[in-house]
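Chains G and H supply the protein sequences, listed in that same order. For the first sequence, our numbering gives the first residue as 1470, with consecutive numbering after it. For the second sequence, our numbering gives the first residue as 1470, with consecutive numbering after it.
It should be emphasised that the hints constitute simulated quantities derived from the structure, not laboratory data. Heads up, some of the hints might be wrong.
Since the list gives no way to pick out one identical chain from another, each pair is judged satisfied if it fits inside one copy or across any two copies.
[As the list claims (entries may be wrong)] Derived pair list, reagent style DMTMM-like, types lysine to aspartate or glutamate, alpha-carbon separation capped at 25 Å:
hint, residue 1, residue 2
1, Lys-1738, Asp-1510
2, Lys-1580, Asp-1479
3, Lys-1580, Glu-1590
4, Lys-1783, Asp-1537
5, Lys-1743, Asp-1574
6, Lys-1738, Asp-1619
7, Lys-1738, Glu-1609
8, Lys-1738, Glu-1712
9, Lys-1738, Asp-1574
10, Lys-1783, Asp-1723
11, Lys-1743, Glu-1712
12, Lys-1743, Glu-1582
13, Lys-1783, Glu-1539
14, Lys-1738, Asp-1781
15, Lys-1580, Asp-1723
16, Lys-1783, Glu-1633
17, Lys-1743, Asp-1488
18, Lys-1580, Glu-1730
19, Lys-1580, Asp-1764
Keep in mind that this is a model prediction, so the values were computed, not measured.
Protein chains: 2
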Amino acid sequence: MGGVTTLQQDLVRLDDIRDAAARVSGLVVRTPLLPCPWADDLWLKPESLQPIGAFKLRGATNALHRLDLERRSAGVITHSSGNHGQALAYAGRALGIPVTVVMPDVSTPLKIEATRGYGAEVILVPQSQREIVAGQLVAERGLTLIPPYDHPDIIAGQGTVGLEIFEDLSSVDVVLVPVGGGGLSSGVATAVKSLAPRVAVIGVEPAVAADAAESLAAGVVRTLPEARMLSTVADGLRTPLSELTLAHLSAYLDAIITVTEEEILDAVKTLARKARLIAEPSGAVTTAAVLHHRDALPAGRTVAVVSGGNLDPKLAATLFA
Amino acid sequence: MGGVTTLQQDLVRLDDIRDAAARVSGLVVRTPLLPCPWADDLWLKPESLQPIGAFKLRGATNALHRLDLERRSAGVITHSSGNHGQALAYAGRALGIPVTVVMPDVSTPLKIEATRGYGAEVILVPQSQREIVAGQLVAERGLTLIPPYDHPDIIAGQGTVGLEIFEDLSSVDVVLVPVGGGGLSSGVATAVKSLAPRVAVIGVEPAVAADAAESLAAGVVRTLPEARMLSTVADGLRTPLSELTLAHLSAYLDAIITVTEEEILDAVKTLARKARLIAEPSGAVTTAAVLHHRDALPAGRTVAVVSGGNLDPKLAATLFA
């Protein structure tokens, strides 16, 4: 994907991802590849089976592991209220590092309880104040901010998904990965293309919120109006790329495929019925691409990363009714 | 559990299970242990993630692998219409062995299609004629009958679940395993107790169909009235033990815990909501034991085998309702 004009940056390298794999070993689940008798040449990489229900645990664990003793004892903070906040809380508890999560005061009680349940201090503030409050706490308490995707340690941690795919199926031809902020897709693309340039690594995002496709085409980070981003059911993919993730995707991603909202929900159902996995919409976009856009994909042995399983219970009730 | 008066038999040994593990490697999914933040010291062994949705693939693959070339080319047959029939069909296709499954003509179209979909020849007969027709086909066509659990090769194959548990968590204290016909529980108990006699291996079955508990207490295979067996939602656990599986369980199982129908359904829901796994009731009995009978279990690091995920779609609709 030519035409990229972003500032040249130091990209994460395969060795960084290998180092991350050694660090997270034993702290994250080594997920298997699941063959799918219901689709030709398809394997699933079910990151929904991580204890917090998403791949985010890999990056958070790697980033915390990289901190020196002083920063560890001071503690860390994030203003991401979704899977990254829970991942950081869980990883912090495992490593004995205090974690603070600044969440909007409109968060669901379920999310707040889950984050507290993993041992984090949760601070509720108005939506617009999240970053400001987090910044204040960084200054006042000497906390280290751990961003959800815009950091080399996070990208390297998520990249371990790509290493494992190749370890388990070195004859893989196509890897499909969801694209939100770009942490997972950057890491996976870097790992897979570094190991085997012949493998096609293809990002998948919702058609109604295809900011990554636009950004890659333009060569600069493009954001879409909030109303459009909010219109996708795939709430984990409403985030724009960063300069850093755009640089990785520009270097390593072969293409982006977009899927409709109907296709995403159909994939959530199919994963439950046929693969016996509870997936969240953001995690199901890759399966949606296989089910509904196989003609647009390269042929061959295909791995779809199912990035998470934190399905909203209300949505689940309608899907399985 | 003393008082066993069954004929002494040659029990499956740890080496048989190790040999089985080498045979099934690459043909079955190496399932991970999943830590559960929602329950203390609990890990799940999700056999629901096997491509046919149940552990049965392990035993079927091992049994087929053991056949000589002549028997392989003649083909195999079973009159089990559930997960074993599908497992045999799937394993037969992978190994190039023709598979015939004799099913009752009242089977659901879903089950018939699934079995045919894996490449097996399905023969529909009245329920009462299943064994007779299978026997005729063995005689006429020279097919080899592969029973669902009453065979050392099946028990050794299922026992690979126990090997893997110990490989991944050698500090395990308690292993919980569902007891139906006893193939899985015999194999797992043999593997785990041979590797580490200190580990408690505990079988779990529905209280309304607790024939294994009665059989172990009596020292002979006891069957319950069909109406009682049919009254459990855990349809995979309606089968009586055989002499062979009773002998293994008598030798290796520490205890049996029973769970109620309500507890089983609650565990199916919990697995969907908190572990993001679709489990069938038979696969959820071990989680039910943890959720509702922890006081009756030995303390410590506990692994619950989730044996299968072929959940009836009507029951699935109630999961998030």
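Hints, verified against the model:
{"no.": "1", "hint": "Lys-1738 x Asp-1510", "result": "within (20 Å within a copy, 31 Å between copies)"}
{"no.": "2", "hint": "Lys-1580 x Asp-1479", "result": "neither (35 Å within a copy, 54 Å between copies)"}
{"no.": "3", "hint": "Lys-1580 x Glu-1590", "result": "within (13 Å within a copy, 49 Å between copies)"}
{"no.": "4", "hint": "Lys-1783 x Asp-1537", "result": "neither (42 Å within a copy, 53 Å between copies)"}
{"no.": "5", "hint": "Lys-1743 x Asp-1574", "result": "between (38 Å within a copy, 24 Å between copies)"}
{"no.": "6", "hint": "Lys-1738 x Asp-1619", "result": "neither (32 Å within a copy, 36 Å between copies)"}
{"no.": "7", "hint": "Lys-1738 x Glu-1609", "result": "neither (47 Å within a copy, 44 Å between copies)"}
{"no.": "8", "hint": "Lys-1738 x Glu-1712", "result": "neither (35 Å within a copy, 42 Å between copies)"}
{"no.": "9", "hint": "Lys-1738 x Asp-1574", "result": "neither (31 Å within a copy, 29 Å between copies)"}
{"no.": "10", "hint": "Lys-1783 x Asp-1723", "result": "neither (36 Å within a copy, 41 Å between copies)"}
{"no.": "11", "hint": "Lys-1743 x Glu-1712", "result": "neither (38 Å within a copy, 35 Å between copies)"}
{"no.": "12", "hint": "Lys-1743 x Glu-1582", "result": "between (31 Å within a copy, 13 Å between copies)"}
{"no.": "13", "hint": "Lys-1783 x Glu-1539", "result": "neither (43 Å within a copy, 55 Å between copies)"}
{"no.": "14", "hint": "Lys-1738 x Asp-1781", "result": "both (13 Å within a copy, 14 Å between copies)"}
{"no.": "15", "hint": "Lys-1580 x Asp-1723", "result": "neither (35 Å within a copy, 40 Å between copies)"}
{"no.": "16", "hint": "Lys-1783 x Glu-1633", "result": "neither (33 Å within a copy, 36 Å between copies)"}
{"no.": "17", "hint": "Lys-1743 x Asp-1488", "result": "neither (35 Å within a copy, 31 Å between copies)"}
{"no.": "18", "hint": "Lys-1580 x Glu-1730", "result": "within (24 Å within a copy, 30 Å between copies)"}
{"no.": "19", "hint": "Lys-1580 x Asp-1764", "result": "neither (38 Å within a copy, 30 Å between copies)"}
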